[in-house]
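K.L.:
Listed below are the residues making up each chain.
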Amino acid sequence: MIRFTANGWIEKLYIEPLLSFSYYGFEWVQPMGAYTYMIFLICAVSAIFVSLGYKYRIAIILFFLSFTYIELMDKTTYLNHYYFISILSFLMIFLPAHAYYSIDAFKNENLRSERVPAWTIDSIKFLLCIVYFYAGLAKLNSDWLFRAMPLQIWLPSKYSLPILGDLFQQQWTHFAFSWAGALYDLSIPFLLLIKRTRVLAFLLVVVFHLLTRVLFPIGMFPFIMIVSALIFFDADLHNKILGYISRILRISKETFDNATTYTFPKSWVKKASLSVISLFFAIQLLFPFRYMLYPGELFWTEEGYRFSWRVMLMEKTGYANFKVVNPENGLRFYIDNTQFLTPLQEKQMSTQPDFILEYARYLENHYKENGISNPEIYVESYVALNGRGSQLYVNPDVNLTTVDYSMNRQTWLMPFDDEIKGL
Amino acid sequence: MKKTIFLFLSTLIFLSCTDNGPSGPDVDDFDREAILVNWADNIIIPSFQNFAAETEALKLASEIFSADPTLQNLTDLRSQWLDSYKAWQHVSMFEMGTVMNFRDYLNTYPTNANESSFNSDESKTIQNNIETGDYNLILPSSRNTQGFPALDYLLYGLADNDAELLSFYTTNDHADAYRAYVTDLTTRIDTLTDTVLDNWINGYRDEFVSNTGSGANSSFNMMVNDFIFYYEKHLRAGKIGIPAGATNISSGNPSPIHVEAYYSRNFSKILFMESLDSVQNFFNGSNFKSQQSGESLDDYLDYLKTMKEGTDLSTVINNQFEISREKAAVLNDNFVAQVDNDPFLMLATYDELQRNVVYLKVDMLQALNITPDYFDSDGD
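These protein sequences, in sequence, are chains A and B.
Going by my numbering, the first sequence opens with residue 3, and the numbers climb by one from there.
Going by my numbering, the second sequence opens with residue 654, and the numbers climb by one from there.
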């Protein structure tokens, strides 16, 4: 949150843009002008409360709601790790994360417990395993494994790094990184779960994420994942860490070591929590496979691409030139996208069908208000995917105002002129 | 044990892939610094030196004319104006190392000529500036009353014939002010240009060449972004698209007032062709003086061996420049007449220029892995 504010990102991302791209079904979630800052404030304060363990339940619910609201305002800023934080905080609503070493537990003796049921911690581990393993499965495709794409595009441009810079000019490095990355994602959950390999696994986690931090602009994500991976370790390690913190802050850690195990205040709360969590995981396991319901190449149509741990899989570059036609006088003209969209919005819009359609609708309304009673909107768009030459993306003869906005398959896209095999 | 297997497997996989993978970059590192040196020493600085010499001559010609506004001196000044304007087309794309909004001060058109001209703000027209003497060319708000387009108006647009035009500088109530305004404009152009050239030679050149990183603020990335921006906005849209009615600025109607060098009529195509040449020369790294090819984007694309429809991307892009040039060749020298008579022919040129926006912005940027001047947010 501090990073967002300091970089002026709230202003740039949510307040300056003329339109915001909504998620299907969440069109009602819109930036609220200057009040947008309030949401960020709520989010930041609740995050601090959660980490202190003060008024935990309310704080985590507020955090989940405010953080998710921020993400839903504009899908331009969609990132898998924001989604991760959203669902992790949702999961944590149902977990007693404040039972130990928290202000709540300090004040409330009934809540204070040295132990919590194993399933509560296991559920977080399980979520992390899903993230890694699904990210690994997504890499099992012909572009990643046999064309070393998109790393073959990304790595050579990092030529100025010491030592690695030269290695990145060599093709075997691109393949090595691709295969190692896929192996890492698929194996790391098991390496972390098995006690004997855990320390090695954690070292791999640190190396892997620091490397991605150096190579790619991925913000906080590497640090989040490194710290999250600590959850796989036994209580001993966590007790040691808390011991250090206690000494520095002069907190009596012993107050919390009362040898009791957390029990849910009422049995229906426990049952309800467990059922919600089970349902949650069932959805998490199935949702990433929804792309199978759509024909066509997933990377091309992106139907079912989001929310499924597909990270760093594509280098997709696009260019969309919108044409407005006034059927009454036959005049037509092209749109300068920079008049309506921020650079980031334009970038995301030009490679993703749902953005293109939403923008076309915005343009339709804009020109209806500005003198064209029934404007027709066409787009000439080209997309290059993973080093292939640019191809026509949207059917340029389709008047986009006649296309319905829905979750159904998009028949107005041009077919992908190649094949990517794999999951 | 698991570790050993893991390492062994990975090594095996790395080795097995080296022999039979698809073609990719050669082993030896490509030197982006060589491109920066070529751009700076063989293209940018020589182009600015040439332009600075022209603007100096323009200033001199305007002083001669102001001292003695004869038809001969007017003709000389016009001819020097055209030479300078052509030289301008070879530096217009460069923004790095220049002064803020350099391009806008020198070439904002349509110019704000008088109360009847396009978008005119009556208190800030050239005519008003001259008649009141109340103007400050350093202010950003005065951009559309100075530079080459303002001179275009003053040297060609004041009257329908030369005798009448000369009278503005001889017998008009404000004749002194007209003469002073012309020299003020040429002095302004010359001073700004000297500042830029001086900056490039004394310091910025070394800064530019040594900033070899690959980040968004590296010289290479910024220059490529500037290059594409110029091509898209100033060449494609500014010189062809907007006058032909391709953009929402005129809601699809042809708009002759948006033609570059609108008042002199016959030079719009010459200026456009110069600009197209300079863009292609930059892409190929052609030495400004000798036209010999040096390291540039074409070589880098060849190095990355980006294949495109069976041919190299650099060839595809160069071919597309040629196609655009052929399309433009049939246009009237006077784009105002072209737009009035047959805007569709001009739109055909626009379409071919547009095709190269896709090659440059989509294919080339992807191959070079350059992020457009987009927002610096996180990715995942």
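It should be emphasised that the hints constitute simulated quantities derived from the structure, not laboratory data.
Just so it is clear, CB atoms sit at the ideal spot from N, CA and C, and this is done for glycine as well.
It is possible that some hints are incorrect.
Cβ pair distances, simulated, as ranges [what the hints assert, rightly or not]:
no., chain 1, residue 1, chain 2, residue 2, range
1, B, Asn814, A, Thr340, 56 to 66 Å
2, B, Asp1004, A, Asn410, 29 to 39 Å
3, A, Gly424, B, Thr968, 26 to 36 Å
4, A, Phe192, B, Asn754, 54 to 64 Å
5, A, Lys423, B, Asp1004, 31 to 41 Å
6, A, Thr340, B, Gly786, 36 to 46 Å
Here are the simulated lysine-lysine pairs, DSS-like style, with alpha carbons at most 30 Å apart [said to hold, decoys possible]:
no., chain 1, residue 1, chain 2, residue 2
7, A, Lys127, A, Lys109
8, A, Lys325, B, Lys980
9, A, Lys325, B, Lys922
10, A, Lys423, B, Lys886
11, B, Lys886, A, Lys325
12, A, Lys14, B, Lys980
13, B, Lys980, A, Lys77
Derived list of chain B stretches under chain A, where covered just means 3 residues or more per stretch with a C-beta under 8 Å from a C-beta of chain A [as the list claims (entries may be wrong)]:
no., stretch
14, 701-707
15, 723-737
16, 863-870
17, 890-898
K.L.:
Let me make sure I understand: some of the numbered hints might not hold for this structure. Which ones are they, in numerical order?
P.N.:
1, 10, 12, 13, 14, 15
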